[in-house]
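Enquirer: Residue numbers (my numbering), protein chains in the order written: chain A, 1 to 221; chain B, 1001 to 1165.
Honestly, I wouldn't trust all of these hints.
For each label pair, taking beta carbons as the anchor points, the in silico distance ranges come out as [said to hold, decoys possible]:
(1) D1113(B) <-> K155(A): 20 to 30 Å
(2) E51(A) <-> L1053(B): 28 to 38 Å
(3) E1121(B) <-> G28(A): 42 to 52 Å
(4) E1121(B) <-> S186(A): 51 to 61 Å
(5) N1105(B) <-> S151(A): 25 to 35 Å
Taking lysine-lysine and the BS3-like style, the derived pairs with C-alpha atoms no more than 25 Å apart in a straight line are [as the list claims (entries may be wrong)]:
(6) K124(A) <-> K1151(B)
(7) K1140(B) <-> K1151(B)
(8) K155(A) <-> K1151(B)
(9) K183(A) <-> K1139(B)
(10) K155(A) <-> K1140(B)
(11) K1070(B) <-> K1038(B)
(12) K1126(B) <-> K166(A)
(13) K1126(B) <-> K183(A)
(14) K1151(B) <-> K1139(B)
(15) K130(A) <-> K1139(B)
(16) K86(A) <-> K130(A)
For the record, the hints were derived by calculation from the structure and aren't laboratory data.
Just so you know, even glycine gets a beta-carbon here, dropped at the ideal spot from N, CA and C.
Given next are the chains, with one letter for each unit.
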Amino acid sequence: MNKEKEQLIEEFEHLTEDSAKFLFITRGKEFQQEAVEKLTALKQKISLFKEKAVENEDEDSANFALSLELFIGALISELRMWMALKEDDPNKAWDYLADAQLLVRNAAQAHRTAEERAEGYANKLYLLEKLLFPPQIFLSPGFIHTKEECSICGKEYGECEHIKGKAYMGKICHTIMKDIEIKEVSFVNEPAGKYRRVLQLTDEHGITRDLMTWKRIEKVD
Amino acid sequence: MLKIGNYVDVKKKAQEIGCNVPETLALIPRNFESARSKEDLVHESSALTVRKLWQQNNIIETPIEKPGEKLPLVAEAAFEWIGPTIFVAAMLLSQNPNLVTIALNVISNYLTDWFRGVVKERQKVKLNVIVEKKDGDYKKLEYEGELEGLKSLPGVIKVVYEKNE
């Protein structure tokens, strides 16, 4: 397993370095698409390795593979972000950026393999968010709930031993809220998820604009 | 940023609304001070994680919930980590003050992992601590800021506990 791990790391490093060449807006879309395909193929290979690790109950290897999978997922999302921007679809590009940020965070949480690399990459993605996109208005819901279910074992979160944000046998622990009541929705600068944002605003003259492109949106009766 | 203010008599209030009286370390519902009855009480959803972390590190809590009781949870979908309110009894501060440091370190270490892959600027924490003072008064410490800043809390708790007003 160790030899296989070393080989995977080598392939991962080689491919991430190669893909980094295409993480720019000026690069041809065909090269970016090719990089996505290569990364997807490696991700599949790593997933198979992870399945084997889980079968062997080798938790460290399973989490190692999860970390690489997630990191590759982040790179694929960034490549797709650049492609979406070139397709004049900034809203889609934003979602890809949000995906990349989430995936790189989970990659760092999953295993120390990606930790150092993820820190630098998270900084880069943060800068891209600030430089490429206008400031966004985020919505953050507040919930009251009576139960949380653990994503790892399915038991009530308060009654199992798993901890939110930690990796267990190739999966990150999160919780599923049950019996939810929405308490409020607030506007925030730093939301938990960057997908919930205001898409359009209507000004005092009745003009509605897309907040990302500033294009006028005509009302359809 | 750290704000220090007065807080209701925790033990008296716990008795009044029919909760267990916390003797050492406890997680206090976020609205404990304003709650009119036990039915009003709600915990931060992070309370479940903190409780588990303490259990896994052999830190004994004296919960205000009676055995088998479960309080509703509140979750804000904000990026910052909103911690539960921690109650520290005077008895604990006089007999085993190191336990407070250990309990806070456990949270701090967890958050270091929690914030991996997140830029420093966004690693924000909110945590309230209620201190039962030597003289029997209660103070609320409201911390809001960077994760690093949590390190200073045990020292502040000690000073607040001992200070006569």
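Enquirer: Now look at each hint and say whether the structure bears it out.
Expert: Status of the hints after comparison with the structure:
no., hint, in the structure
1, D1113(B) <-> K155(A): 20 to 30 Å, "22 Å, holds"
2, E51(A) <-> L1053(B): 28 to 38 Å, "30 Å, holds"
3, E1121(B) <-> G28(A): 42 to 52 Å, "34 Å, violated"
4, E1121(B) <-> S186(A): 51 to 61 Å, "21 Å, violated"
5, N1105(B) <-> S151(A): 25 to 35 Å, "27 Å, holds"
6, K124(A) <-> K1151(B), "28 Å, violated"
7, K1140(B) <-> K1151(B), "17 Å, holds"
8, K155(A) <-> K1151(B), "33 Å, violated"
9, K183(A) <-> K1139(B), "28 Å, violated"
10, K155(A) <-> K1140(B), "34 Å, violated"
11, K1070(B) <-> K1038(B), "11 Å, holds"
12, K1126(B) <-> K166(A), "21 Å, holds"
13, K1126(B) <-> K183(A), "20 Å, holds"
14, K1151(B) <-> K1139(B), "19 Å, holds"
15, K130(A) <-> K1139(B), "40 Å, violated"
16, K86(A) <-> K130(A), "18 Å, holds"
Comparing the model with each earlier hint shows violations of hints 3, 4, 6, 8, 9, 10, 15; every other hint is respected.
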